[in-house]
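Protein chains in written order, with our numbering: chain U, 164 to 536; chain F, 164 to 536.
Source of the hints: derived by calculation from the structure; they are not laboratory data. Don't take every hint at face value.
Remember, identical chains collapse to one label, so a pair may be satisfied in a single copy or spanning two.
Stated by the list, open to error - Here are the simulated SDA-like cross-link-like pairs (lysine to any residue), alpha carbons at most 20 Å apart as the crow flies:
{"no.": "1", "residue 1": "251", "residue 2": "286"}
{"no.": "2", "residue 1": "453", "residue 2": "227"}
{"no.": "3", "residue 1": "206", "residue 2": "266"}
{"no.": "4", "residue 1": "456", "residue 2": "233"}
{"no.": "5", "residue 1": "456", "residue 2": "231"}
{"no.": "6", "residue 1": "286", "residue 2": "270"}
{"no.": "7", "residue 1": "488", "residue 2": "437"}
{"no.": "8", "residue 1": "211", "residue 2": "471"}
{"no.": "9", "residue 1": "211", "residue 2": "469"}
{"no.": "10", "residue 1": "211", "residue 2": "273"}
{"no.": "11", "residue 1": "488", "residue 2": "233"}
{"no.": "12", "residue 1": "414", "residue 2": "468"}
2 protein chains.
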Amino acid sequence: MKNLFNFELLSRDKNARLGQLSTAHGIINTPIFMPVGTAATVKAMHLKDVEAAGAEIILANTYHLMLRPGQENIREMGGVRKFMGWNKPLLTDSGGFQIMSLGNLRQVQNDGVTFKSHLDGTKYFLSPKISTDIQNALDATITMQLDECISFPATYEESKRAMKLSLEWAAMSREAFEHRIGYGQFGIVQGSIFSDLREESAKGLIEIDFDGYAIGGLAVGEGQDLMFKTLDNTTKYMVQNKPRYLMGVGKPDDLIGAVKRGVDMFDCVLPTRSGRTGQAFTSKGQVNIKNSKHILDKMPLDLECNCYTCQNFSRAYLHHLFRGKEILGLMLLSWHNIHFYLNIMKNIRNAIKIKEFEKFEKTFLNKYYSGDD
Amino acid sequence: MKNLFNFELLSRDKNARLGQLSTAHGIINTPIFMPVGTAATVKAMHLKDVEAAGAEIILANTYHLMLRPGQENIREMGGVRKFMGWNKPLLTDSGGFQIMSLGNLRQVQNDGVTFKSHLDGTKYFLSPKISTDIQNALDATITMQLDECISFPATYEESKRAMKLSLEWAAMSREAFEHRIGYGQFGIVQGSIFSDLREESAKGLIEIDFDGYAIGGLAVGEGQDLMFKTLDNTTKYMVQNKPRYLMGVGKPDDLIGAVKRGVDMFDCVLPTRSGRTGQAFTSKGQVNIKNSKHILDKMPLDLECNCYTCQNFSRAYLHHLFRGKEILGLMLLSWHNIHFYLNIMKNIRNAIKIKEFEKFEKTFLNKYYSGDD
Numbered sequence: 164m165k166n167l168f169n170f171e172l173l174s175r176d177k178n179a180r181l182g183q184l185s186t187a188h189g190i191i192n193t194p195i196f197m198p199v200g201t202a203a204t205v206k207a208m209h210l211k212d213v214e215a216a217g218a219e220i221i222l223a224n225t226y227h228l229m230l231r232p233g234q235e236n237i238r239e240m241g242g243v244r245k246f247m248g249w250n251k252p253l254l255t256d257s258g259g260f261q262i263m264s265l266g267n268l269r270q271v272q273n274d275g276v277t278f279k280s281h282l283d284g285t286k287y288f289l290s291p292k293i294s295t296d297i298q299n300a301l302d303a304t305i306t307m308q309l310d311e312c313i314s315f316p317a318t319y320e321e322s323k324r325a326m327k328l329s330l331e332w333a334a335m336s337r338e339a340f341e342h343r344i345g346y347g348q349f350g351i352v353q354g355s356i357f358s359d360l361r362e363e364s365a366k367g368l369i370e371i372d373f374d375g376y377a378i379g380g381l382a383v384g385e386g387q388d389l390m391f392k393t394l395d396n397t398t399k400y401m402v403q404n405k406p407r408y409l410m411g412v413g414k415p416d417d418l419i420g421a422v423k424r425g426v427d428m429f430d431c432v433l434p435t436r437s438g439r440t441g442q443a444f445t446s447k448g449q450v451n452i453k454n455s456k457h458i459l460d461k462m463p464l465d466l467e468c469n470c471y472t473c474q475n476f477s478r479a480y481l482h483h484l485f486r487g488k489e490i491l492g493l494m495l496l497s498w499h500n501i502h503f504y505l506n507i508m509k510n511i512r513n514a515i516k517i518k519e520f521e522k523f524e525k526t527f528l529n530k531y532y533s534g535d536d
Numbered sequence: 164m165k166n167l168f169n170f171e172l173l174s175r176d177k178n179a180r181l182g183q184l185s186t187a188h189g190i191i192n193t194p195i196f197m198p199v200g201t202a203a204t205v206k207a208m209h210l211k212d213v214e215a216a217g218a219e220i221i222l223a224n225t226y227h228l229m230l231r232p233g234q235e236n237i238r239e240m241g242g243v244r245k246f247m248g249w250n251k252p253l254l255t256d257s258g259g260f261q262i263m264s265l266g267n268l269r270q271v272q273n274d275g276v277t278f279k280s281h282l283d284g285t286k287y288f289l290s291p292k293i294s295t296d297i298q299n300a301l302d303a304t305i306t307m308q309l310d311e312c313i314s315f316p317a318t319y320e321e322s323k324r325a326m327k328l329s330l331e332w333a334a335m336s337r338e339a340f341e342h343r344i345g346y347g348q349f350g351i352v353q354g355s356i357f358s359d360l361r362e363e364s365a366k367g368l369i370e371i372d373f374d375g376y377a378i379g380g381l382a383v384g385e386g387q388d389l390m391f392k393t394l395d396n397t398t399k400y401m402v403q404n405k406p407r408y409l410m411g412v413g414k415p416d417d418l419i420g421a422v423k424r425g426v427d428m429f430d431c432v433l434p435t436r437s438g439r440t441g442q443a444f445t446s447k448g449q450v451n452i453k454n455s456k457h458i459l460d461k462m463p464l465d466l467e468c469n470c471y472t473c474q475n476f477s478r479a480y481l482h483h484l485f486r487g488k489e490i491l492g493l494m495l496l497s498w499h500n501i502h503f504y505l506n507i508m509k510n511i512r513n514a515i516k517i518k519e520f521e522k523f524e525k526t527f528l529n530k531y532y533s534g535d536d
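Just chain U, same shape as in the assembly (with noise of 0.2 Å):
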C-alpha cells in the first residue's frame, strides 16, 4: 500500500517545528535541508554519498532539465529519480525563478512566460499548466507552482501585481495537477518584503487548499535582518498542518533563523556551489581552503565533523589539490559541506525534540561567528 502524502507535526519549541512528511518515495524528517541536483546530479557527488551524508529529499530544476535532456526523454526513462537512480523523495521546482534571472531573454504574459533557452537560443513557453505538466512527465514527489519571481527591491505596487498574477497562476497549476497516492504540490507565497502582501497571498493559497505551502522571493538581495522580518509576518499567517518552504535558502544562520520562524524545508546551491568554489563551511564559520596559510594545516577542515573529508584529509591536501585545480577537491569539499548542512538539521531536529532550540540556536552561533583563526 502507498502512503499518503501527508505532514505530521510531531512538536514545537515556540515557533520551531518537528515534522514528519509522508511521501510515495518515503519519510522526509523535517526540519531539512535539501541538496541541489540542478541537471539530475548533485554536482560533483555520487548519490550514495548525499544519502549516506542524510540527505532524505533532493530538488532538482524543471528549466535546465526542459531544455536538456527534456521531460518527454525524462519520462521515457522513468522520471528524473530513476534517471538520476534516486530512491528517496525529489522536488522539482517550476523553471520560473531560473526564467526570471533570464533578464531580457523572457517576457511575462499573463497567461505565462515565453523564454529562450541560455543554451541555443530556442524559444520555449512556460505557462501554470505546462510547468505542472513538465513536473509531471519528470515523476516529481512534490511538484511546485508557477509562480513569477521579482526582483529586490521593487516598489508595492509591481510586489503586488506579481503576488496577484502568481495566485492566479497558483490556482492554474492545482488545476493541473494530476493527483497521485503519495505525491504533493505546494503553492508559492510572494509579497516581497510587503506583509499585507504576504498576507493576502498566504490566505488566498490556502483557500486554493495545496499540500504544503513554499515562500518565495526572499535571500534575492533584501539582507538577513528583512529576510527573518518577512518570514515573521509571513509564517503566522501559514496554517500549521502542512508544510513550510523557504526557497534558495541560504546559509547556516538563515537556515536556524527561519527554522526559529516555523519554517521546515530548504533548498540552497552554496554548499555545492562552494565547495566548487573551495569555500567551506564549518562550525567555526566560512574557511577559504584556497589561503596559503592552508599549505602544511594537519588538521582537519572541521575537528567536530564526522565526514568522509573531515575523518581522511588534513586541509594541506584540500589546499594541495585546489591549486592545481584536482577534481577531488571540488568533490571533497562538496561532501563536507553538504554533511555539514544536514548535520546542523539533524541537531536542529533534535534540539526541538528536547525543546532546546534556542539553547542550541545560541552555542551554534556563538561558535560559527568566532571564526576559524
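Guided by the hints, dock chain F onto chain U, whose structure is given.
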C-alpha cells in the same frame, strides 16, 4: 614485525606468471594494474572507491609532486601515502619520463637533466641521486631509478647511448637508495626496439641487483606488434624471482599480451584519462558515451560489469552528464574504467592459477574485438 620486500612466484602458465609481492605497506597480487595518482590523486575518484575496485598499489608522479607541493612539504606531511590517505603500497616514477616529454624545456647531461617547470618556468636539476632522494622524501614503497627515455623511432646509436647512460644512472640511483625494510627499488630496462640493447640493459641491471625490474621505452608509438616482439626479446633476459613492470601500458589487449610475455605489473593513465573524455572500456570494446545514439539507451555501459556505475546508471544518464559537462560524468566513467581494468587483472590471475590463461585470452579478445553494436 615489518614485511620484507619480497616477490614470490606462485605459479606459471607458459610465460604468464602468478606472483605475490610483499612490502612494508601490504601485499600485491600480480599480475596487477596500478591506477595513476599523478599529483597525489587518482583523478576524479575517491580513493576509497579506487581501493574498493580492487587496487592494491597506486602510482604517483615525482615530477608533478616535486613541483607542487614539493617533496619537503610532502615529507613534512608524512609522505605521499599519508598525505593522500592511501594505506597500501605506492610506487613513484623517477620524474624522467615527464621531463623527457618537456622537449625544449629540458637538457640532458651525463650527470642528470636540467629542466624548466611547465607551471612557472622555474629551473630544476634532477640527478639519479636527487630523484632517489625525492622519492625517499615522498616515502614511496617502490622507488624507480632515473633513466633517459628517448622518443620513437630512434637510431641504434642513439638508443645505445641512452641505454648506456640509463645503466650508469641505474648504478647511481641504487647507490643513493636508502634501504628500509619492506621498501624496494626497481631498475629500468631500456634499448628501444633493439634486442641486443635490451639484453645488455637487462643483464647490466641484474648485475646491479634491484628489487624488481621495469621495462621502459615502450608504448611510445612503436605499435602493438613491435611492442610485443620487443617484450619477447626483453623478458627472456630478466630473472624469474623478481617482479617485472611494463611502464605506461596500456589498453586492455596490451595488458593481456604483456602478461602472456611474462609481465607482472602495469600502470597507465588511460582508464582515468579516457573516463574524463567520455571513453569507456567494456567487455565489448570501447564505448564513446558522448555519441548521440546513447541518448535513450537504458543499458548500462557493460552488462557484465558489477561496478557502481554499471549497477546504478544507464548509458542515457551518463550521456546526459557528458552533454552537460557535469563532473559526475567524469567521476562515473573513471570509476567504471578503473574497475574494469582491475577486474581484468583479477580474471587474469584466476586464469593463470588454473592454467587457462590462453583460453581466457582468446575468450576476452574475441568479445573485446567484436565491438559494442
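Honestly, which of those hints from before does the structure not fit? 1, 3 and 10
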